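Asker: Spelled out from the first residue to the last, the chains are:
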Amino acid sequence: MEVRVALAQVAPHLGEVAANLEMAAERARAAAAEGADLVVFPELALTGYLLSDLVPEVAMPASDPRLAAVSRETPGILVAIGFVEETAEHRYANTAALLRDGELVGLHRKVYQPTYGMFDEGRFTRPGDRIRTTEVGEPLGRVGISICEDFWHPSLPLLQAQDGAALLINLAAGPARAPGSAAGLAAIAGWHKMQETYALLGTVAVAFCNRVGNEEGLTFWGGSRLIGPGGGVLAEAPLYEEALVVGSFDTDDLRMQRYQLPILADERLELTRRELDRIIADRAGLEAPAEAAAEG
Amino acid sequence: MSPASAPETAPLPQIDAPQVVSVIIGFIRRQLEQTGFGRLVVGVSGGVDSATVAHLAVRALGPANVLAVRMPFRSSAAESETDALRVVEGLGCDSQRVDITPMAEPMLTLIGDGDEADVRVRRGNVLARLRMMVLYDRSAAFDALVCGTSNKTEALLGYGTLHGDMAAAIQPIGDLYKSQLRAVATELGVAPEIVAKPPSADLWPGQTDEGELGATYDDLDRILYALVDRRWTVERCVGAGLDEALVRWTAERVARYEFKRQTPPVAKVSLRTPGIDHLYPRRRPGSRRRA
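Each protein sequence line maps, in turn, to chains V and Y.
Using our numbering, the letters of the first sequence correspond one by one to residues 1 to 296.
Using our numbering, the letters of the second sequence correspond one by one to residues 297 to 587.
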């Protein structure tokens, strides 16, 4: 069955939640008009990126009716969108919500928050501690959501593929470095390689939506892409400009891909876990687990 | 590295000029949108930096929203004024000429005599700061922000006047080395003679940046790109064929002028201190001057 994915490559307004909610609902309607089954927005699309101490001012609980309302006017369509979440314990997270028919269907809190170089995320929000997938019904079944830097840690997308995801959704806010130069192109090429590699190794489709626009001195590069299972580019948005691009993949192709290349099914998870336990113990300076030690 | 490989070289930083132009234009538009201003004031000297900024401002906002201000002093080179006028006429933006000589004279007489190099720098700083005053005054009259014209080479070397040419609301070319800036200027259509002429602050007759700094911008850019962008050690720079004395001089200068690139430190005594733990983006809801 065909799955149509819209990538809403927008430029959120920094700190202006009401304006961004309006923009998101409008883009979702436009995606629905294009026959999309799923519309993906960027990381922190409802708040903007360089928030610093604005975090508590723009945060909302995942149960906030304003959040759910983003999907209310587009019946049956899944909406993935980034916002700042405040939990009941007043813990703040960089979170992606998966919404449908005005309901929260799934949630992912950014696990890997870059706090180096031009990034300072760990200072203002706390990292998530769950890597899960969400059941969304036929034809997709399960999807795995991640946020930007999460993708630089291959354990995360590949765990989600093992957990049954047919589609990996990555919401991003990637700032450009040395635009157009060899270094800048290498950074974008790095993202392309990751998307194609995860699609290939996870035998999954990948929907990557990166924001555009400018905050302070940072310019976000866009270039959102839909990758089919196997690694082919099915849709691609331009660099630096707002766009709504729609592409589709067929779940039958994913089915045959997994027959031809049964690497997910062949993965030796017990072996992986045993070796991980050993490495974890080693890095922590602890005695190796008995089983691993016995096998030498 | 295998013994057969060629020795490492230290290249000039590269740039994709068309892409950088579109990034900077987006930056200017968004900065103005976020502040609630629609116009920019640019001091135009006739040099490549201010010509490039004026072109970028006009591309971003249109000629009607850019005011170019020419601010000659009595010793300014005649060629500077001709070039500045050529930039302004080519762009079709509004322009004003403010001769800073009568403002400068009383202040300059206060400086008096002394070590010649010292006096020169102090006189130069006075001219740079008077130009800042003119630009900020014009910006209020034109309902605009002051647009900076400092480049990355100057900023790293501390080759600028605090509260003078370094004072601005935004710095569109502040992350471009001089050599990259020339490529961007050419992409924008700045006249080749302006791109090619020796850069000068024109603070005294015959002054050139390269004469004053004691090195060419290309040599400095190779060194700065290696030291700053690629984080090379002095030894690695020297191994790649860069002049050791110049590399050490450059590294020392980058360190010495760190203070010029940062806001002054505040002595923390309260619970929450601006710049330390009161941290906000410059623009946020409510900070816009008007809707």
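There's no promise every hint is true.
Said to hold, decoys possible - Which chain Y residues face chain V? A few, computed with CB under 10 Å, are given here:
no., residue
1, Gln315
2, Val316
3, Arg325
4, Arg326
5, Ala465
6, Ile466
7, Gln467
8, Gln476
9, Val524
10, Asp525
11, Arg532
12, Gly535
13, Asp539
14, Leu542
15, His574
16, Gly582
Unchecked claim - A few chain V positions that, by computed beta-carbon distances, are all more than 10 Å from chain Y:
no., residue
17, Gly15
18, Asp64
19, Glu86
20, Ile131
21, Ala189
22, Lys193
23, Glu215
24, Ile279
Keep in mind that the hints were calculated from the coordinates and are not lab data.
None of the values given here were measured: they were computed from a predicted structure.
Idealized CB from N, CA, C, for every residue including glycine.
Asker: All hints are to be evaluated individually against the structure, with a verdict given for each.
Answerer: Checked hints:
1. Gln315: OK, holds: glutamine 315 (chain Y) within 10 Å of chain V, min 3 Å.
2. Val316: holds, 6 Å
3. Arg325: holds, 8 Å
4. Arg326: holds, 4 Å
5. Ala465: violated, 13 Å
6. Ile466: Where the cut-off is 10 Å and the nearest Cβ of chain V is about 9 Å from isoleucine 466 (chain Y), the hint holds.
7. Gln467: holds, 8 Å
8. Gln476: holds, 9 Å
9. Val524: This hint is violated: valine 524 (chain Y) lies away from chain V, its Cβ roughly 13 Å from the closest one there, beyond 10 Å.
10. Asp525: OK, holds: aspartate 525 (chain Y) within 10 Å of chain V, min 8 Å.
11. Arg532: With Cβ-Cβ at 18 Å, over 10 Å, it is violated.
12. Gly535: violated, 21 Å
13. Asp539: violated, 25 Å
14. Leu542: Violated, about 24 Å.
15. His574: Because about 7 Å separates histidine 574 (chain Y) from the closest Cβ in chain V, which is inside the 10 Å limit, the hint holds.
16. Gly582: holds, 9 Å
17. Gly15: violated, 4 Å
18. Asp64: holds, 18 Å
19. Glu86: holds, 18 Å
20. Ile131: Holds: least Cβ distance 30 Å, greater than 10 Å.
21. Ala189: holds, 14 Å
22. Lys193: holds, 20 Å
23. Glu215: violated, 7 Å
24. Ile279: The claim stands: isoleucine 279 (chain V) keeps its Cβ more than 10 Å from every Cβ of chain Y (closest is about 30 Å).
Checked against the numbered hints given earlier, the structure breaks hints 5, 9, 11, 12, 13, 14, 17 and 23 and satisfies all the rest.
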